[in-house]
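Peer 1: As a plain string of letters, each chain reads:
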Amino acid sequence: MRERGFLNRFAVFFFAFLLFFTLFSGSLRSKTTPKVMYMRVKERTFPVTVDLEDGGQYVSSKRELGVFQSALHLLEENSLEDDSFSDNSFEDDAFSDNSFFGHSLEENSRKGNGKTIAYTFVLKQTEDGYVVRECLVELGETADGWYEVKAGLGKGDLVVCDGPGAFGWDAG
Amino acid sequence: MKSIKKKMAVFLILLLAFLFLFPALFTLLRSFVQSDGNGVGFSLVGYYDILVEESWYLRSFWNSVFYAGVITLLNLVFCIPAAYAFREADFRGKRVLYFFYIILMMMPLQVTMLPNYIGLRDMKLLDTRLALVLPGIFTPFGVILMAQYMRGLDASVLEAARLETKSVFRILFSVALPQGKVCAAALFLFTFAENWNLVEQPQIFLKSEEKQPLSVLLAMQKEVDFSFFAGSVLFMVPVVVLYLYFHENLEEGLGNLKL
Numbered sequence: 001m002r003e004r005g006f007l008n009r010f011a012v013f014f015f016a017f018l019l020f021f022t023l024f025s026g027s028l029r030s031k032t033t034p035k036v037m038y039m040r041v042k043e044r045t046f047p048v049t050v051d052l053e054d055g056g057q058y059v060s061s062k063r064e065l066g067v068f069q070s071a072l073h074l075l076e077e078n079s080l081e082d083d084s085f086s087d088n089s090f091e092d093d094a095f096s097d098n099s100f101f102g103h104s105l106e107e108n109s110r111k112g113n114g115k116t117i118a119y120t121f122v123l124k125q126t127e128d129g130y131v132v133r134e135c136l137v138e139l140g141e142t143a144d145g146w147y148e149v150k151a152g153l154g155k156g157d158l159v160v161c162d163g164p165g166a167f168g169w170d171a172g
Numbered sequence: 173m174k175s176i177k178k179k180m181a182v183f184l185i186l187l188l189a190f191l192f193l194f195p196a197l198f199t200l201l202r203s204f205v206q207s208d209g210n211g212v213g214f215s216l217v218g219y220y221d222i223l224v225e226e227s228w229y230l231r232s233f234w235n236s237v238f239y240a241g242v243i244t245l246l247n248l249v250f251c252i253p254a255a256y257a258f259r260e261a262d263f264r265g266k267r268v269l270y271f272f273y274i275i276l277m278m279m280p281l282q283v284t285m286l287p288n289y290i291g292l293r294d295m296k297l298l299d300t301r302l303a304l305v306l307p308g309i310f311t312p313f314g315v316i317l318m319a320q321y322m323r324g325l326d327a328s329v330l331e332a333a334r335l336e337t338k339s340v341f342r343i344l345f346s347v348a349l350p351q352g353k354v355c356a357a358a359l360f361l362f363t364f365a366e367n368w369n370l371v372e373q374p375q376i377f378l379k380s381e382e383k384q385p386l387s388v389l390l391a392m393q394k395e396v397d398f399s400f401f402a403g404s405v406l407f408m409v410p411v412v413v414l415y416l417y418f419h420e421n422l423e424e425g426l427g428n429l430k431l
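Chains as they are written, first to last, in the working numbering: chain P, 1 to 172; chain F, 173 to 431.
Hint data in this document are derived by calculation from the structure and do not stem from the laboratory.
Fair warning: this is a prediction, and the values are worked out from it, not measured in the lab.
Certain hints may be false.
Residues on chain F that point at chain P, a partial pick, calculated with CB under 7 Å [as the list claims (entries may be wrong)]:
{"#": "1", "residue": "Leu223"}
{"#": "2", "residue": "Leu230"}
{"#": "3", "residue": "Val412"}
{"#": "4", "residue": "Leu416"}
{"#": "5", "residue": "Tyr417"}
Pair by pair, the computed Cβ-Cβ distance ranges are [what the hints assert, rightly or not]:
{"#": "6", "chain 1": "P", "residue 1": "Phe14", "chain 2": "F", "residue 2": "Val329", "range": "37 to 43 Å"}
{"#": "7", "chain 1": "F", "residue 1": "Arg231", "chain 2": "P", "residue 2": "Lys62", "range": "48 to 54 Å"}
{"#": "8", "chain 1": "P", "residue 1": "Arg9", "chain 2": "F", "residue 2": "Met408", "range": "17 to 23 Å"}
{"#": "9", "chain 1": "P", "residue 1": "Asn8", "chain 2": "F", "residue 2": "Asn369", "range": "21 to 27 Å"}
{"#": "10", "chain 1": "F", "residue 1": "Val205", "chain 2": "P", "residue 2": "Phe14", "range": "18 to 24 Å"}
{"#": "11", "chain 1": "P", "residue 1": "Arg4", "chain 2": "F", "residue 2": "Lys174", "range": "51 to 57 Å"}
{"#": "12", "chain 1": "F", "residue 1": "Arg231", "chain 2": "P", "residue 2": "Lys155", "range": "32 to 38 Å"}
Derived DMTMM-like pairs (lysine to aspartate or glutamate); straight-line CA-CA distance at most 20 Å [stated by the list, open to error]:
{"#": "13", "chain 1": "F", "residue 1": "Lys383", "chain 2": "F", "residue 2": "Glu226"}
{"#": "14", "chain 1": "F", "residue 1": "Lys383", "chain 2": "F", "residue 2": "Glu366"}
{"#": "15", "chain 1": "P", "residue 1": "Lys31", "chain 2": "P", "residue 2": "Glu127"}
{"#": "16", "chain 1": "P", "residue 1": "Lys31", "chain 2": "F", "residue 2": "Asp221"}
{"#": "17", "chain 1": "P", "residue 1": "Lys31", "chain 2": "F", "residue 2": "Glu226"}
{"#": "18", "chain 1": "P", "residue 1": "Lys31", "chain 2": "F", "residue 2": "Glu225"}
{"#": "19", "chain 1": "P", "residue 1": "Lys35", "chain 2": "F", "residue 2": "Glu225"}
{"#": "20", "chain 1": "F", "residue 1": "Lys379", "chain 2": "P", "residue 2": "Glu127"}
{"#": "21", "chain 1": "F", "residue 1": "Lys379", "chain 2": "F", "residue 2": "Asp299"}
Glycine included, C-beta positions come from ideal geometry on N, C-alpha and C.
Starting from the given sequences, assemble the full structure and let the hints guide the process.
Peer 2: Okay, structure coming up:
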């Protein structure tokens, strides 16, 4: 009889324990998940400089998608050989030429056939919530710390600009 | 000489008991042990993974509770009156019907699965929870087990009950069932354990992953890590608790069967 009393209590505790996790595992998971700060990719105003025939320069402006420099990261040597970049939305000769890897964005802009390439992290919504994916970006003009996005990102994409260091990048 | 034989028998029994218990003990120990580059140590990471990170685990656990619980209870609801009918009712073809029950019980699961599948398909019940529940509640095993036990009931007590009331169900639930509750408890345990471990039927009758019981999803796990062992331990608990709860009834119920 004592054995059955213990089993009753154990069974109640066991099912209550599992019911607790069934009801609250979602909030527990979100509390223990690393938090990141993100910004939406949206249109910004970038300067356009046109060289005139008389040697002068004409400066105008254009509205293009922009991303802040804190969300961009330098490419490391041979990083493009990793499969994780294979689903990138654009292909370019610059990616097969590793000559610009390991240099600053400014240097890359000179070495990568005049193209500035960086990588960033984008939040993608999945069935299990948001996940962080790596993404290559081709950049254009700069203005006040913002880089024009020529390819690799779309309007409304959520770009990670700060995180708990869980992704192994050097911020900045 | 007698003492040596006894010691040998005890040793053999202990050895067999250990061999049977070893997989369960290994699973239990492995669920608390995590090995990484730093060595081997005690860890609850497996339990954390399945209870917090893996949302499918608890969902399918409750699916298993639902299937095993509902099928077992409904099985008893249908088997006990059917068994009582075999003992008390006198109708033409009773022996032939009982014989067919035995034949049906002897058939392997795979043989009855196809007719069940066709029936469920025609009733448009495939990929619904009823696809598992309906075939599960009408099983010949429960009827035969209860019928065999009820054969051993005291006829004079039932005769006396018939003088008191004409209600068959009243006699069944007030007189016959209390005498046969140990067998009903054994049947409960058998049926629950069988339906807790369903694998083939859900794989064939259910397509949606969210309706699958835990037994199927655990069997489909490709990576056997500490969270797999933790999941297996929690999966074992309900059946072990039920066994400990009903083991006396099980022994008594099976011991009193009139074969």
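Peer 1: Now tell me if each hint is right for this structure.
Peer 2: Status of each hint after checking the structure:
no.	hint	result
1	Leu223	holds, 4 Å
2	Leu230	holds, 5 Å
3	Val412	violated, 10 Å
4	Leu416	holds, 6 Å
5	Tyr417	holds, 5 Å
6	Phe14(P) to Val329(F): 37 to 43 Å	holds, 39 Å
7	Arg231(F) to Lys62(P): 48 to 54 Å	holds, 51 Å
8	Arg9(P) to Met408(F): 17 to 23 Å	holds, 19 Å
9	Asn8(P) to Asn369(F): 21 to 27 Å	holds, 24 Å
10	Val205(F) to Phe14(P): 18 to 24 Å	holds, 22 Å
11	Arg4(P) to Lys174(F): 51 to 57 Å	violated, 37 Å
12	Arg231(F) to Lys155(P): 32 to 38 Å	holds, 36 Å
13	Lys383(F) to Glu226(F)	holds, 16 Å
14	Lys383(F) to Glu366(F)	holds, 18 Å
15	Lys31(P) to Glu127(P)	holds, 18 Å
16	Lys31(P) to Asp221(F)	holds, 14 Å
17	Lys31(P) to Glu226(F)	holds, 15 Å
18	Lys31(P) to Glu225(F)	holds, 12 Å
19	Lys35(P) to Glu225(F)	holds, 16 Å
20	Lys379(F) to Glu127(P)	holds, 19 Å
21	Lys379(F) to Asp299(F)	holds, 6 Å
Consistency note: the structure conflicts with the earlier hints numbered 3 and 11.
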